[in-house]
Amino acid sequence: MIVLERVSKSYGGNSIGLDDVSLHIPAGEFVSIVGQSGAGKTTLAKLLMAEEQPSGGRIEIGGWDITRIKPREIPELRRQIGVIFQDYKLLPKKTVYENVSFSLEVAGVKGRIIRDVVPQVLSIVGLEEKMHRFPQQLSGGEQQRVVIARSLVHRPKVLLADEPTGNLDTLNTQDIMDLLVKINAFGTTVVLVTHNREVVNALRRRVITLKDGTVASDHQHGKYLLHV
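Once you know that position 178 of the sequence shown is 178 in the working numbering, the rest is easy, because the numbers rise by one and skip nothing.
Think of the hints as simulated: they come from the structure by calculation, not from any bench.
Careful, some of the hints might be misleading.
What the hints assert, rightly or not - Calculated cross-link-like contacts (lysine-lysine; reagent style PhoX-like; alpha-carbon spacing at most 20 Å):
#1 K93 to K130
#2 K182 to K157
#3 K89 to K130
#4 K211 to K223
#5 K223 to K46
#6 K46 to K89
#7 K46 to K211
#8 K70 to K46
#9 K94 to K130
Said to hold, decoys possible - DEER-style ranges, computed between Cβ atoms:
#10 S15 to D116: 26 to 36 Å
#11 R115 to S217: 42 to 52 Å
#12 E105 to G126: 32 to 42 Å
#13 R197 to R6: 23 to 33 Å
#14 K46 to D218: 39 to 49 Å
#15 E52 to D178: 43 to 53 Å
#16 I74 to A185: 42 to 52 Å
Note that beta-carbon positions come from the ideal geometry of N, C-alpha and C, so glycine has one too.
Construct all of the structure, not just a fragment, from the sequences and the given hints.
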């Protein structure tokens, strides 16, 4: 599903984001990408969503070589990759329903399809009874659930979660992680980028540790190791 072959990303001078990284993430896997600040986690996430392009190597997602993706192709790629950020980026003057439906509207999806899909994804995240509320009327955990619902409307093959629990307390963090595991059980590949040791260790799934832009370790049932 996701293949990186000898991928590097440099930012000029001695600034290296990734250095000769090769990875294979099969379809349907739940993998955590961990590492200290500056290890290359953010660079990897940006490359996967084509926010940046690699300096060298090849990136393939779902059989599509995105290494030199054209600007006009990026919207199509991002419909295949749902993205969840630490900051919610919700539209404050739109309701939960409108925030979720907006990404479908801008993609030109017909109204009858929107009316069918939005309640479905809100049901998955447990917010069908709050679809007419505004973001400021929701808790932080509920706002992140809206973000997850919005990321699911195009039925993406991959869900990229970049520090999705960074602004949440322990209880809401667990709720969001339970939801990501549920989504993964539907067959969606989940790539979790995080520095949250407790979350990673509780998952007991594959853990890829980055250090100085390289893969320091890759364990199928791994933990966030302090000494790496």
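Results of checking the hints against the structure:
1. Restraint check for K93 and K130: satisfied, since their Cα atoms lie roughly 15 Å apart, inside the 20 Å limit.
2. With a CA separation close to 14 Å, the supplied pair K182 and K157 stays within the 20 Å bound.
3. Under the criterion of a C-alpha separation no larger than 20 Å, the hint pairing K89 with K130 is consistent with the structure, at around 18 Å.
4. A distance of roughly 15 Å separates the Cα atoms of K211 and K223; the hinted pair therefore holds under the 20 Å criterion.
5. The suggested pairing of K223 with K46 is violated, with an alpha-carbon distance near 24 Å, which exceeds 20 Å.
6. Restraint check for K46 and K89: the C-alpha separation of about 17 Å stays at or below 20 Å, so the hint holds.
7. Using a Cα cut-off of 20 Å, the hinted pair K46 and K211 holds, with the two alpha carbons roughly 17 Å apart.
8. Our distance criterion of 20 Å between C-alpha atoms is met by K70 and K46, whose separation comes to about 15 Å.
9. A distance of roughly 13 Å separates the Cα atoms of K94 and K130; the hinted pair therefore holds under the 20 Å criterion.
10. As the Cβ distance of S15 to D116 is approximately 47 Å, the hint placing it in 26 to 36 Å is violated.
11. With their beta carbons about 47 Å apart, R115 and S217 fall inside the hinted range of 42 to 52 Å.
12. Taking the beta carbon of each, E105 and G126 are about 23 Å apart, not inside 32 to 42 Å as hinted.
13. Between R197 and R6 the beta carbons are some 29 Å apart, a value that agrees with the proposed interval 23 to 33 Å.
14. Checked against the given bound of 39 to 49 Å, the beta carbons of K46 and D218, roughly 20 Å apart, lie outside it.
15. Between E52 and D178 the C-beta distance comes to about 31 Å, which lies outside the given range of 43 to 53 Å.
16. Look at I74 against A185: about 29 Å separates their beta carbons, and that is not inside 42 to 52 Å.
Violated hints, in rising order: 5, 10, 12, 14, 15 and 16; the structure is consistent with all others.
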